[in-house]
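Take the sequence shown: its position 308, counted from the start at 1, is 308 in our numbering, and no numbers get skipped.
Everything hinted at is true.
Straight-line C-alpha distance at most 27 Å; calculated DSSO-like pairs for lysine-lysine: (1) 20 to 194; (2) 194 to 39; (3) 156 to 238; (4) 156 to 127.
Pairwise CB distance ranges, derived in the manner of DEER restraints: (5) 262 to 204: 21 to 31 Å; (6) 117 to 73: 27 to 37 Å; (7) 271 to 2: 44 to 54 Å; (8) 25 to 117: 37 to 47 Å.
Because the hints were derived from the structure by calculation, they are not lab data. The beta-carbon is built from N, C-alpha and C at its ideal position, and this holds for glycine as well.
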Amino acid sequence: MTQPSPEYTAQLQQKVGYLKQRFAEFSPPEWQVFASPEKHYRMRAEFRVWHDGNHISYAMFEPGQKAGSASSRRIDSLPAASAAINALMPRLLAAVQADPLLRERWYQCEFLSTLSGDMLVGMIYHKRLCGQWQAAAARLQRDLGIMIIGRSRGQKLVLAQDFVTERLHADERDWLYRQYEGGFSQPNALVCQKMLDWACSAAAGLGGDLLELYCGNGNFTLPLARYFRRVLATELSKTSVQAAQWNIEANGAANIRLARLSAEEFTQAYQGVRRFRRLQEQGIELADYAFSTVFVDPPRAGIDDATLRLLQNFSNIIYVSCNPETLHANLATLTQTHCIERAALFDQFPFTPHIESGVLLRRK
Numbered sequence: 001m002t003q004p005s006p007e008y009t010a011q012l013q014q015k016v017g018y019l020k021q022r023f024a025e026f027s028p029p030e031w032q033v034f035a036s037p038e039k040h041y042r043m044r045a046e047f048r049v050w051h052d053g054n055h056i057s058y059a060m061f062e063p064g065q066k067a068g069s070a071s072s073r074r075i076d077s078l079p080a081a082s083a084a085i086n087a088l089m090p091r092l093l094a095a096v097q098a099d100p101l102l103r104e105r106w107y108q109c110e111f112l113s114t115l116s117g118d119m120l121v122g123m124i125y126h127k128r129l130c131g132q133w134q135a136a137a138a139r140l141q142r143d144l145g146i147m148i149i150g151r152s153r154g155q156k157l158v159l160a161q162d163f164v165t166e167r168l169h170a171d172e173r174d175w176l177y178r179q180y181e182g183g184f185s186q187p188n189a190l191v192c193q194k195m196l197d198w199a200c201s202a203a204a205g206l207g208g209d210l211l212e213l214y215c216g217n218g219n220f221t222l223p224l225a226r227y228f229r230r231v232l233a234t235e236l237s238k239t240s241v242q243a244a245q246w247n248i249e250a251n252g253a254a255n256i257r258l259a260r261l262s263a264e265e266f267t268q269a270y271q272g273v274r275r276f277r278r279l280q281e282q283g284i285e286l287a288d289y290a291f292s293t294v295f296v297d298p299p300r301a302g303i304d305d306a307t308l309r310l311l312q313n314f315s316n317i318i319y320v321s322c323n324p325e326t327l328h329a330n331l332a333t334l335t336q337t338h339c340i341e342r343a344a345l346f347d348q349f350p351f352t353p354h355i356e357s358g359v360l361l362r363r364k
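All chains, full assembly: derive it from the sequences and hints.
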């Protein structure tokens with residue numbers, strides 16, 4: 001294994017120091033630290049397309065700046081993006097450069113790569129995409145061995161499929177995940193595998209039934225299900241639910257049921273405040289579950305107050321967070337009833353201020 005550079009080690013230690021200081025009041029145990037590769041860790045990337053006459057190039061823009069501003073940077077590669085994306089970038093650009101129909105008014109390019117070898121490219125235009133464009137894009141798709149989606153205002157053309165199938169290794173086996181274009185998936189697949197391993201180790205021995213809120217495409221749900229009698233996972237996004245349903249079936253996870261509810265809606269259903277037809281239609285009876293543990297991986301805004309109060313009713317809480325500030329705010333409530341038994345830092349985004357973390361809480 002390649003030794004980390006001094007620069008990477010320093011930035012990682014800075015993040016560790018921040019977490020230790022920020023969360024000291026909760027008396028967590030020593031933080032486990034899961035490092036990332038320094039390069040080629042992002043499985044997704046998107047670029048604007050810069051036009052200079054008939055010549056095109058990729059471009060990136062500083063946050064908050066508009067395309068064409070002085071802050072734009074024309075680039076040939078992106079070290080943070082996966083090796084597969086970097087290898088495809090010049091080949092795709094050269095092929096489109098040579099075809100005026102594909103080049104004209106092409107303004108954005110989105111790459112979704114996988115460890116398994118699938119590659120999906122979204123080509124976004126400021127023009128209506130006609131049958132001639134579709135034929136040219138189909139040739140490009142065949143020649144480059146990729147999958148292409150064309151988009152313009154009010155238009156989406158799927159030439160082959162609008163998803164990739166990822167294969168992640170965690171908990172000593174491989175897991176298949178369908179990831180849709182436009183849907184959420186963990187951007188750093190190698191660190192994601194470490195996150196899954198950590199979550200499984202936190203769940204080992206807890207037993208009973210598992211409730212998962214914000215399950216997405218079932219990223220954590222699948223390996224965690226091996227440690228519980230039954231799992232009820234909730235997710236609101238239709239795209240994520242569609243992916244999760246395929247993932248559950250493809251991986252033979254027979255003890256998982258999926259409910260299309262938000263965390264707030266599940267709280268209302270669990271407390272008997274409201275009845276949801278979606279649960280009745282799926283034959284899900286909440287009274288049939290004996291939940292010992294709840295797993296949450298919420299959006300950056302964290303967890304709402306009503307759901308936090310619900311979480312306090314469970315013996316065990318496994319909380320994965322993409323925002324240490326909202327995690328800190330939520331822990332101020334959760335540590336009234338629970339204590340932190342494990343804590344981890346996952347360096348999903350090296351050389352950026354972003355921090356992914358996880359904690360296991362047990363009822364006092």
